[in-house]
Structure formats: C-alpha cells, structure tokens
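**Student:** Listed below are the residues making up each chain.
2 protein chains.
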Amino acid sequence: MLGIEEIGYYIPQGRISNYDRKTQFGIDDHFIEEKIGVRQVSLKSPDEETSDLCVKAFANLRDKIAIDLNDIEAMVVVTQNPDRNIPHTSAILHGKLALPNRCACFDISLGCSGFVYALSIFQAFMAANGMKKGLLFTADPYSKITDPNDKNTTLLFGDASAVTLISDQPKLVSGAFTFGTIGAEHEKLICNDGVLFMHGRAVFNFAAKVIPDDIRQVVAKNALTLEQIDLFLLHQGSKIIVETIADKLPVPRDKAPYATYDYGNTVSSTLPILLAEELSGNARNIVICGFGVGLSWASGLLKRP
Amino acid sequence: MLGIEEIGYYIPQGRISNYDRKTQFGIDDHFIEEKIGVRQVSLKSPDEETSDLCVKAFANLRDKIAIDLNDIEAMVVVTQNPDRNIPHTSAILHGKLALPNRCACFDISLGCSGFVYALSIFQAFMAANGMKKGLLFTADPYSKITDPNDKNTTLLFGDASAVTLISDQPKLVSGAFTFGTIGAEHEKLICNDGVLFMHGRAVFNFAAKVIPDDIRQVVAKNALTLEQIDLFLLHQGSKIIVETIADKLPVPRDKAPYATYDYGNTVSSTLPILLAEELSGNARNIVICGFGVGLSWASGLLKRP
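Just so you know, the protein sequences line up as chains A and B, in that order. Under the numbering used here, the first residue of the first sequence carries the number 1, and numbering increases by one thereafter. Under the numbering used here, the first residue of the second sequence carries the number 306, and numbering increases by one thereafter.
Worth flagging that the hints you see were computed from the coordinates, not collected in a lab. For every residue, glycine included, the Cβ atom is placed at its ideal position computed from N, Cα and C. Hints are not guaranteed to be accurate.
[What the hints assert, rightly or not] Covered by chain B, per the in silico footprint, the following chain A stretches (three or more residues, Cβ under 8 Å):
#1 119-125
#2 212-218
#3 290-304
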C-alpha cells in the first residue's frame, strides 16, 4: 500500500519582521502574537523560482533518506505561482532534478487545500498505474503576488516548499478523504492583475463555519470518533483560525497545534512541514485539513500502516 | 467501473483563415493543406474567459445527455491558460455551473498531453474516493498567448473546450497508460512574458522520435498488437506529425485520422473532440496519445466495457 515515507522541506532564510511593521499597519504585539500568530514571514530571494524552492526541498529530503532518481516514476507540483504558465513547473523541475524520461509529471493548481487534495489525487494516480515511488511537491511563494502595503496579506504569507515521498514503504497511510468547494465565493481570495486580494473576515468566517463540520465528517467517514484522533494538523492560516476550529470541534488546543510563528502561512506547504516532524512520532491517527483559495477545502485521515 | 459516458465540446465560431495570410507568411496552399493541415483556426471572442468556454462545452454535453448537477462529485479543468492564477479555474467554473458544495474541484496544468494524463488521474481519484460522476474539462485557449506575427504558432493553434463525463455507466473504459517527460527540453515550447514560443522543428523531431515507440509500448502493455487496434487518436498537432507517426508505427493512415483542418490544434481538447464522434462508433480498441508542452506525453487504451 502506498503512503508517506518521508518529507523534506525548505524555508528560505530571508525574513520580514512584523514587529518592524507595527506603526505602518497600526498593529500591536497582541495582534502579532495572538491573532495572526506570525512574528515574521519567510521570504525567498527574488531570483529563486518556484522550481528552485522545490529543488531545495528535495535536497532536504535526500539528507533524510537515500533516493535513486531512477526509481522516481511520478512527480507532481502543487502551485498557483508556477515559474511560468507554460510549461508546467513539474516539467522544469524534472529537468533540474534530472529525472528519468519515464517519470510522469504534472502540476495541480490549488491553494491552501492543495496538499490534502494532492495526497489523494497523487496516491490514486500512482496506485492505478502500478507506480511505487513518487514525489509530491508543494511550493506557492506568495511573495510573488502580495502587496507589501496590504495588511491583510503581507503580514501573513511566507515562502516555503515541501516534498513528500510517496512509496510502498510508508510511515503513514491515508484513510478516507472529504472535499468541498464554494466556487461562488471565489472572489474572497483572488489574484487581480498579479496582486493577491483577500477578504480576511469572509475567509475566516468560511473556515470557522465549514471546517469543524467537515472534520467531524471525515472522522466519521473513517469510523472513528474525535477522541480517537491523536492529532489534528490544520492548515496554518493564522493562529486565531486554528484555535477557533479546535474550540468549535471541540478538541483540546494542544491536539491542534499552531506552529508557524516564525515563517507564516506557507499555503499548501504548511501541512507537510508540520507533518515532517510527526512522521516518526507517536500519533497513530492524524487528521489533516486544508482550506482556502477557491474557496476550497479537503480533509483526510493518516494512520500507521 | 468508471469510464467515459459522454463528451461535449465547444468550438467558437470565430475563424482566422490561413489562406488570407499566405502573403504575410510566404506560405502556399500545399503548406496549408498538406503540411500543417490547418485552413483556418478557431478564435474565441476577447471577452470569453477559459471558464466561459467550459460552460459552453457543458451546455453541449447537456444537449446530449441529462445531468443532475447534484450528482456531480468531482470536476477537473486541464489548462495552462486559466482565467487567472488564483483561484483555479475549476473553482470559478464551479460557481458558474452552480455545482454542489460537496464537489471536489482542482485544475491540472498540462498542455497537449493533458487529456490523456487527466483521464488517468481523474478516474483514479474518483475511484479511490468512491465517486460515480465527474466532469473532466479541457480548455486551453492559445489565442491568449500566440503572437499573430509568429508563423510557428498563429497558423496552428485554435481555441476550443471539451468536457468528458466520467461515470459508472461508461461507453469506453481505459486500460493501461504510459507517461513520459523530457523536462530538459522544456524551452522548446514555452511562454515568455505571456507570449508563446515554439521551436517547431525540435517539437516535431521529439514527437516523431518518441511517440511511435511509446504507442508500441502502450499497446504491448495492454497485451495487444498494433493490428488489434481499430483506431489511433493522436493529438492533432499538425497533419504532418499525425501522418509521420502513423507511417512510423506503421499503421494505415486512415486508422490514425487527421481531422482538424477547420479549427486547428486545440491543445488538450483535440482528443476529446475527436473521441466524441467515436463514442457510439464501431471501434472496439482505441489508442489515444497526447504530446507537447513539457516536453510531455501520455498514451492510453480505451476499450468497450
């Protein structure tokens, strides 16, 4: 059975401190530490392309586990900030990593729900085609599109990338998933002429309303109860949304950690970055949940094989 | 078992005649009719977005078969010319079609290999999640990115869209697929600052070299021989590439039809548009093969359930 064997990631060293922007945006320490929960956002260098972020995540993966490039049968890149629209970033990355010609490559365009969706999509694709080793990249550098004067976005989003090795020697395998879309609300989180706009209150309300119910549904779909879930890894949209969802479920806040104080919301990479630390941990049943751009969401269960 | 139940498509009525551009590009009737095989290219209106093309393909699908929107559990849009980068076009389309909130939506970024890839990806995703009805859209309007003064692209590419209804009541089901990528050659077909560049000779040579062998492999992988294949539906890149692949296989040219004289190469929509006419036809074993941007390719077998 296919599942997650290892995860590598890359958080660029560049940072913009939100403490340095208190006057500009009229915010205080409480807002920084307790509401958004982002002290600083990570920032790639201007000449680092999306595929370059992926290359660095892959280097981190190879520090953790030996990989023969010839074994890689498939690769997907989840991004809405590709190197360019044509070709897909996975093709460019395929060249940079010198993967074999027989490697299937495609991009998935999704935002903060992207990792959970892609985990289901990519594992299903690999299984259907008899593949045993594949790479699932997430890399969505929002510094390409955030307006540094827009409080709703520039204080929140950080750059990062992650790569999840899917193989037949998994540490975690997935159970049932749930998915959803409210396309009629897509204008609440949208890129206009290359600049990101987010209606923060509307996106918060969407997540606070839809996600707790969706998580209860995915737990039930896996024939479990909330009490049987050891860990809820929620998309790190902000500290307040993670806490709100935990409280509404309800589950203890320490079972639904918020952990991205020092680099921010890295879109589809928040979940694999959190998950990397849990792969060899004690949690047996882990719920993962992503939500955002679309508006779109997905939840899934990860368990020990 | 999931498979293709019906296909709708939309080819905009707008046309640009290549006969009217003979002087501008120094081409003759032989070049138009026998080499590229494109007498005119289809052209969407400037205010038609990619999602609008999808809406019109869906209207055509509903002319052919009754669809209850509430039954649609998943939707994918294959495009590299989305409405915008954020959100994904499938989210916008979800809103325009008023699909249910429980519908999973995502975009796949692939070019001319996109339909074959997406057929495998989407069917596998639906099957893994127990879904019975989904919509696979292809819509890649290259008029957004072609330079009207670039002979290598403007004479070839036409606008269109298609939607393939995947369901548990299929007319055609898929067998084994093959996939490949030569990412190191991605610059041969690339969008620079919003304008498409194609090294026509290099892309032709790639397809002429790689595709016949790939098709032989996919046929063997399905435990069939070339003689047992009734129809080879090849991506309609140009008349000369379709004929070259047919001759190299070798198979009779009438088994590998070229049919896009009057609207051109519609990228990932060429195959579903051809396939729409074959769904109720006599062909029992059909090979489909897409190739292009990436450089990327995919082949698959379709057969009667």
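**Student:** Under a C-beta cut-off of less than 8 Å, do 3 or more residues of the region 290-304 of chain A approach chain B closely enough to confirm the stated coverage?
**Tutor:** Holds, because 5 residues of the region 290-304 of chain A bring their Cβ atoms closer than 8 Å to Cβ atoms of chain B.
**Student:** Would you say the region 119-125 of chain A counts as covered by chain B, given the rule of at least 3 residues with C-beta under 8 Å?
**Tutor:** Answer holds; 5 residues pass the 8 Å Cβ test.
**Student:** Given that the region 212-218 of chain A was listed as covered by chain B, double-check it with a C-beta distance under 8 Å for 3 or more residues.
**Tutor:** violated (count 0)
Of the hints listed earlier, the one the structure fails to meet is number 2.
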